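Going down the list, the protein sequences come from chains A and B.
Using the numbering used here, the first residue of the first sequence is number 1, and each one after it goes up by one.
Using the numbering used here, the first residue of the second sequence is number 237, and each one after it goes up by one.
For the record, the hints were derived by calculation from the structure and aren't laboratory data.
All figures in this text were calculated on a predicted structure; none of them were measured in a lab.
Among the hints, erroneous ones may be present.
In silico DSS-like pairs for lysine-lysine, Cα to Cα no more than 27 angstroms straight-line [as the list claims (entries may be wrong)]:
hint : chain 1 : residue 1 : chain 2 : residue 2
1    : A       : LYS108    : B       : LYS612
2    : B       : LYS612    : A       : LYS67
3    : B       : LYS525    : A       : LYS167
4    : A       : LYS67     : B       : LYS525
5    : A       : LYS167    : B       : LYS625
6    : A       : LYS68     : B       : LYS418
7    : B       : LYS264    : B       : LYS517
8    : B       : LYS525    : A       : LYS153
9    : A       : LYS68     : B       : LYS612
10   : B       : LYS264    : A       : LYS108
11   : B       : LYS626    : A       : LYS153
12   : B       : LYS625    : A       : LYS68
13   : A       : LYS115    : B       : LYS625
Label-pair restraints from in silico Cβ distances [claimed, not checked]:
hint : chain 1 : residue 1 : chain 2 : residue 2 : range
14   : A       : MET71     : B       : MET338    : 43 to 49 angstroms
15   : B       : ALA588    : A       : LYS68     : 51 to 57 angstroms
16   : A       : LYS115    : B       : HIS754    : 38 to 44 angstroms
17   : B       : PRO505    : A       : LYS213    : 35 to 41 angstroms
18   : B       : LYS694    : A       : GLU107    : 33 to 39 angstroms
19   : A       : SER133    : B       : ALA746    : 40 to 46 angstroms
20   : B       : HIS259    : A       : LYS115    : 24 to 30 angstroms
Short derived list, chain A residues pointing at chain B, Cβ under 8 angstroms [as the list claims (entries may be wrong)]:
hint : residue
21   : SER49
22   : MET71
23   : ASP106
24   : ARG110
25   : SER125
26   : GLY128
27   : CYS139
Cβ coordinates follow ideal geometry from the N, Cα and C atoms, glycine included.
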Amino acid sequence: MLEIRDLVKTYGNGPRAVDGLSLTVEAGDIYGFIGHNGAGKTTTLRCVSGILPFDSGEILVDGIDVKKDPMAAKRIMRYIPDNPDLYAFLTGTGYLNFLCDIYGIDEKTRVERIKRYAAAFEIESKLGDLVGSYSHGMCQKLALIGALIQQPKLLMLDEPFVGLDPKAAHTLKGIMHELVEAGGAIFFSTHVLEVAEKLCNKIAIIKNGKLIKAGPMDEVRGDSSLEELFLELTDA
Amino acid sequence: MKSLWTLIKLYLNSIFRFQVMRHSNDPKERRNAIMGVVAIVLIVVVYGGMSGVMTFELLKAGIPASVPFLMAAAMASLFALAMAFAQGSATLSGFSDFDTLMGMPVRTSTIVLARFLALYLVEAIYVVAYLLPCGVVYAVLRQPVWWFYPLFPIMLLLLPVGPVVIGSGADLLLSAAFAKSKYKKGVTSAIKMILLLGFIVFAYLMPQLRRQFLSNPFEMMNVTARIYPPARWFSDGAAGDLRLALLFSGASLLVCALFVFILNKTFLPLHDRLAAGYHVKNYRLGALKRSSAIRALFMIERKRFFNSTAWVINTIIGAVLILVLGVAGAVLSGRLSTLLRMPEIRGYAPAALIGILIFCATLSPTTCCAISMEGKQIWISKTMPVPAKKWLNAKLCMNLFLVLPPLLVTCTLVAAFYHAFLSPVSLVAVFLVPVAALLFTTVLGLFVNAKLPRLNWKAETEVVKQSGAVLVMMLVCFTVAAATVVPTLLFGKEWIAPAVGGALLCGTAAFYAYLMRHAEQIRMNL
Chain A
1 MLEIRDLVKT
11 YGNGPRAVDG
21 LSLTVEAGDI
31 YGFIGHNGAG
41 KTTTLRCVSG
51 ILPFDSGEIL
61 VDGIDVKKDP
71 MAAKRIMRYI
81 PDNPDLYAFL
91 TGTGYLNFLC
101 DIYGIDEKTR
111 VERIKRYAAA
121 FEIESKLGDL
131 VGSYSHGMCQ
141 KLALIGALIQ
151 QPKLLMLDEP
161 FVGLDPKAAH
171 TLKGIMHELV
181 EAGGAIFFST
191 HVLEVAEKLC
201 NKIAIIKNGK
211 LIKAGPMDEV
221 RGDSSLEELF
231 LELTDA
Chain B
237 MKSLWTLIKL
247 YLNSIFRFQV
257 MRHSNDPKER
267 RNAIMGVVAI
277 VLIVVVYGGM
287 SGVMTFELLK
297 AGIPASVPFL
307 MAAAMASLFA
317 LAMAFAQGSA
327 TLSGFSDFDT
337 LMGMPVRTST
347 IVLARFLALY
357 LVEAIYVVAY
367 LLPCGVVYAV
377 LRQPVWWFYP
387 LFPIMLLLLP
397 VGPVVIGSGA
407 DLLLSAAFAK
417 SKYKKGVTSA
427 IKMILLLGFI
437 VFAYLMPQLR
447 RQFLSNPFEM
457 MNVTARIYPP
467 ARWFSDGAAG
477 DLRLALLFSG
487 ASLLVCALFV
497 FILNKTFLPL
507 HDRLAAGYHV
517 KNYRLGALKR
527 SSAIRALFMI
537 ERKRFFNSTA
547 WVINTIIGAV
557 LILVLGVAGA
567 VLSGRLSTLL
577 RMPEIRGYAP
587 AALIGILIFC
597 ATLSPTTCCA
607 ISMEGKQIWI
617 SKTMPVPAKK
627 WLNAKLCMNL
637 FLVLPPLLVT
647 CTLVAAFYHA
657 FLSPVSLVAV
667 FLVPVAALLF
677 TTVLGLFVNA
687 KLPRLNWKAE
697 TEVVKQSGAV
707 LVMMLVCFTV
717 AAATVVPTLL
727 FGKEWIAPAV
737 GGALLCGTAA
747 FYAYLMRHAE
757 QIRMNL
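Let's have the full structure, built from the sequences with the hints guiding it.
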């Protein structure tokens with residue numbers, strides 16, 4: 001579903017933020033991406049989603065090259081940043097309806113999906129309010145609904161559990177499983193290693209822009225806990 | 237005092253981006269910050285030069301010194317009032333550091349004073365730039381009394397205080413009154429527009445005032461002084477009346493102290509009220525309408541525009557003025573036709589008409605900050621499966637949607653009521669040249685913003701009023717209007733205006749082609 005080959009990204013004249021990173025996310029994967037602050041997780045996600053240009057390498061989403069055909073790639077993937085700034089001047093419904101127009105979702109389907117996910121995240125009654133009045137958690141929920149109504153093949157999330165209440169976090173985990181069971185894939189960054197350990201079937205660890213370990217969770221972790229492995233690898 | 241200075245430095249840094257200039261690793265960001273300051277310097281030089289030349293001409297002609305001082309003080313005060321009214325609430329209550337600052341051991345009064353001074357200092361730059369050359373010319377030509385030299389700089393610094401207090405106070409009250417309305421931005425923008433236009437109409441179109449102005453321009457000075465007495469105190473004080481100079485200085489300081497005192501007492505409840513959002517009770521999702529991607533993008537641009545009071549005030553005045561001029565021109569066509577029949581005026585009429593239309597149509601295109609206004613929400617546009625061409629076209633359409641209809645109405649009114657003064661070539665030019673200038677500045681505005689984007693802002697006024705792209709376009713738009721009118725007036729050839737119109741259309745096509753060819757790259761590099 002997602003193939004990253006030798007990705008290199010540099011900001012200005014600085015050091016390489018991502019340095020020759022390669023990994024593969026397959027359909028059905030919930031792929032965790034962990035690393036210390038500034039390791040290059042967000043930069044990688046932003047390069048894949050088409051937000052950032054990259055210096056070299058290749059990124060394929062379901063076989064589509066994001067550099068050569070970005071529109072086709074964007075049609076089947078969605079990305080949500082860690083602190084999603086949404087259009088504060090729209091109501092929740094207005095924002096979701098805008099996204100449905102952009103993704104060409106018909107009237108009946110959009111209402112069904114918005115109702116379903118808004119009920120799941122318990123913000124249906126708030127959709128008439130302006131986004132500017134939402135709390136961080138509510139913005140996070142609205143951004144998630146905006147991504148889910150498109151039913152993307154590849155969903156990329158940057159720190160998705162930050163700001164979510166425990167019930168919403170539980171709901172999101174359930175929806176993530178649903179999405180991969182339907183043939184999709186999820187690639188997400190997190191600092192919550194317990195969540196990654198329980199939720200992901202695959203994991204990648206990045207340090208100073210370089211991938212230092214990646215693969216199925218059980219293989220990568222071995223006999224130790226993910227936390228022990230992470231500390232061992234990143235402190236080395 | 238130390239915290240006050242630290243906060244003022246923080247706010248000024250946020251506006252002028254000194255830290256970005258010195259420390260940013262991104263050369264593009266550094267260039268943008270430098271361009272912003274360069275544009276401010278250019279505007280300051282142009283404004284200062286204009287007022288200096290005006291003062292020199294009037295004093296050379298033997299006019300009393302209080303006249304140029306009053307004219308300049310009235311202009312500068314009106315400018316500061318309009319700016320403070322447009323951005324007062326955003327600057328005094330709009331910074332996103334409220335929680336951080338209130339959690340620190342800093343007095344509320346310090347925070348209030350720092351925000352007021354940040355707003356005041358920005359206005360003071362323009363006011364001082366406009367008035368200082370008047371003072372220098374006056375000092376050189378008239379050798380004033382000794383106390384002029386220490387007192388004039390103080391009076392100069394105090395001149396913006398009154399307008400900033402009145403403008404920002406009115407803006408705060410208006411914002412607080414409509415804080416809980418769903419359409420608070422739209423309503424406050426509309427009221428601000430009406431008040432500003434009402435002020436202009438009151439000052440210049442009231443029959444009695446107009447008669448006085450036409451019969452005796454000096455009487456207009458008295459009228460201006462009656463509308464805003466401190467301008468008179470300032471001008472007479474600067475021209476040698478020590479009593480009025482002290483009255484002006486004392487009154488300004490008193491007003492400033494009173495405003496900061498009241499703001500300090502009401503700051504927390506005011507902030508609470510302004511932060512209150514609009515909430516719907518028992519909301520239920522109904523049917524949703526579907527539209528095309530380009531229409532959805534245009535609707536977003538429209539909503540973003542009308543929800544930014546600063547952007548609306550900064551931009552829409554040109555469109556409204558066009559319509560006001562068109563209607564006023566039609567209503568007063570009889571009297572103005574008599575004026576235009578005068579032999580010394582008749583030859584210049586078409587160029588003057590076209591020049592006024594161009595000036596209003598290109599006053600401030602929405603496109604010169606349309607990309608910057610995306611701010612941190614740019615990730616939404618960048619991840620959309622929509623070609624960047626459509627995204628840019630939606631921004632171009634917004635400016636045309638705003639200005640083209642009133643422009644065409646006014647061009648038609650001008651053609652209908654003043655056709656007797658227009659040759660067939662001039663008649664074509666009345667439509668062609670303003671529309672060409674509008675298209676050119678619309679496309680060029682987007683091009684300049686693409687080259688000088690500013691996405692990392694906290695208050696929208698940083699983009700709308702102070703960003704490099706906006707300031708560069710202010711100069712460009714002024715140049716376009718001058719480049720069309722001045723050659724026609726100088727050489728008196730009626731083909732010059734259509735030729736300039738043709739050149740503007742060619743320029744439009746070239747910049748549009750560039751934008752469309754590099755659209756994806758432009759969006760990706762943001």
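Failing hints, ascending?
-> 1, 3, 4, 5, 6, 7, 10, 13, 17, 20 and 27
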